[in-house]
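My request is simple: use the sequences and hints to build the entire structure.
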Amino acid sequence: MTHIPPSAHGKAMLEPAYILHHRPYRDSSLLLETFTPGHGRIALIARGARRPKSRLHGLLQPFQPLLASWSMRGELGTLTAVEPRDGDGPRGRALISGFYMNELLMRLLHRHDPHPGLFAVYESALRRLAAPGLSAPGEQSVLRLFELTLLRELGYGLVLDHEITGGDPIRSEEVYDYYPELGPVRTDATAETGAGDYAVRARPVRLHGGSLLALARGELCDAVHLHEAKRLMRTVLDARLGGRPLASRRLFRRGRGREAERVTGATVEGEGRA
Amino acid sequence: MSDSPLIDRLIEALRCLPGVGPKSSQRIAYHLLERNREGARRLAVALQEAADGVGRCGECRTLSENVLCRLCASDKRNAAQLCVVENPVDVQAIEHTTSYQGRYFVLMGHLSPLDGIGPEDIGLDQLEQRFRQGRVSEVILATNPTVEGEATAHYIADMAREHGIRASRIAYGVPFGGELEYVDAGTLSHAIAGRRDI
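First to last, the sequence lines map onto chains P and F.
Position in the first sequence (from 1) plus 1 gives the number in this note's numbering.
With this note's numbering, the residue at position 14 of the second sequence is 10, and numbering never jumps.
No lab work stands behind these hints, which were simulated from the structure alone.
One should not assume that every hint holds.
So the derived label-pair ranges between C-beta atoms look like this [as the list claims (entries may be wrong)]:
| # | chain 1 | residue 1 | chain 2 | residue 2 | range |
| --- | --- | --- | --- | --- | --- |
| 1 | P | R24 | F | Y96 | 28 to 34 Å |
| 2 | F | R131 | P | V225 | 41 to 47 Å |
| 3 | F | E177 | P | D28 | 27 to 33 Å |
| 4 | P | P115 | F | S95 | 52 to 58 Å |
| 5 | F | C12 | P | V225 | 55 to 61 Å |
To be clear about the criterion: a stretch of chain P counts as covered by chain F if any three or more of its residues have a C-beta under 8 Å from a C-beta of chain F, and this derived list gives those stretches [stated by the list, open to error]:
| # | segment |
| --- | --- |
| 6 | 18 to 32 |
| 7 | 54 to 68 |
| 8 | 101 to 115 |
Just a sample of chain F residues kept apart from chain P, beta carbon distances all over 12 Å, derived [stated by the list, open to error]:
| # | residue |
| --- | --- |
| 9 | S0 |
| 10 | R37 |
| 11 | E82 |
| 12 | D193 |
We treat Cβ as the ideally placed atom computed from N, Cα and C, and that holds for glycine.
What follows is the structure in structure tokens.
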């Protein structure tokens, strides 16, 4: 028996929601993995949503802002009403970044674990991805800041403002070794402070203080900062994902390809991890 | 439960049909046995032959019992135009209702990273092969107007562009004979974004 928190029971009326993923359920229904601010990630059944004449077809799509009502009994809820909410989702190539965020939420969020702050950041990330003429660096920056908030909400916030051995503030021109479970250590201090012991467990990411500060400010625009932030976030996320790679990274290969690859840090086969 | 294992097995087997639950499968089984044994035999033979004999067309991946399907084998079709669809039934829909004279490529699905369905799973390596041969000059992306269908269309459009092939996406909008008031917001905003000069 898994323990179900009290919030897992009862009804909700027209709460903001996004569908992260949907799959067929029985003959004519859909099972919706739904993300809400007050109840976190929940699984809802939309009865009859796959019937040819269902009015829900256009509505129950990922990235469409919704207001959803449901009743919950145990693990599974039933969608009782749904309405569109104002706002645009990504289109075209930016959809892949949207799938990437959805996959992260599916993999890392537990059900019935509310994260209102993360919901707001997810929503504003979708809106920024929907902006016409978004540049590739702009898209990368949206994803990095989303990843950062996701990790913080899950209790794995990154230390970005001070060095962990002596507590000195991060200086932008200095070079640091970032240990995924710990934080940044000045490269010349690694040996003498004994932080080197941790290197056996997790290999650090070497980067400039400036990249850490830019990430902390939420202002990633410099190419070096973007690149280093990508390597850092990828290493930290991979540790949380337990070795199973993200399928959506495979799609960042084409067209705007070379640039898009750098967006989520998808590597070309054989490139290996730094 | 009847006392006949053969009937039970038939009822159980019929439940693989879409939309058929225990009640319907029982009704169908008794109907066939009581009233239409000849039809039941014909159905059994047809199912057996189709399940064994139908494979995939080597060119377009649609269901076919020959190496090439009728459309790919025909020399009347324009080989320079290629229409990409998700399912074999979509080919039938386009064939019945439009005057499209080009060829097809059937994905048998769409990209869906959260289900682990990537480019190779829907034959995009084979499609790229086709682009490389250089006979296709225009690709028409007729994947479904869903988020996954849209992402698939853009992925293929990028592939086409790398090979210097023109890519277009089927238009979507208000259904013919429909009324604006009853059209959902997503469709309406696509229709406005994709408006055309008249």
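Status of each hint after checking the structure:
no.: 1; hint: R24(P) with Y96(F): 28 to 34 Å; verdict: holds (32 Å)
no.: 2; hint: R131(F) with V225(P): 41 to 47 Å; verdict: holds (45 Å)
no.: 3; hint: E177(F) with D28(P): 27 to 33 Å; verdict: holds (31 Å)
no.: 4; hint: P115(P) with S95(F): 52 to 58 Å; verdict: holds (54 Å)
no.: 5; hint: C12(F) with V225(P): 55 to 61 Å; verdict: holds (58 Å)
no.: 6; hint: 18 to 32; verdict: holds (count 5)
no.: 7; hint: 54 to 68; verdict: holds (count 7)
no.: 8; hint: 101 to 115; verdict: holds (count 4)
no.: 9; hint: S0; verdict: holds (27 Å)
no.: 10; hint: R37; verdict: holds (28 Å)
no.: 11; hint: E82; verdict: holds (15 Å)
no.: 12; hint: D193; verdict: holds (21 Å)
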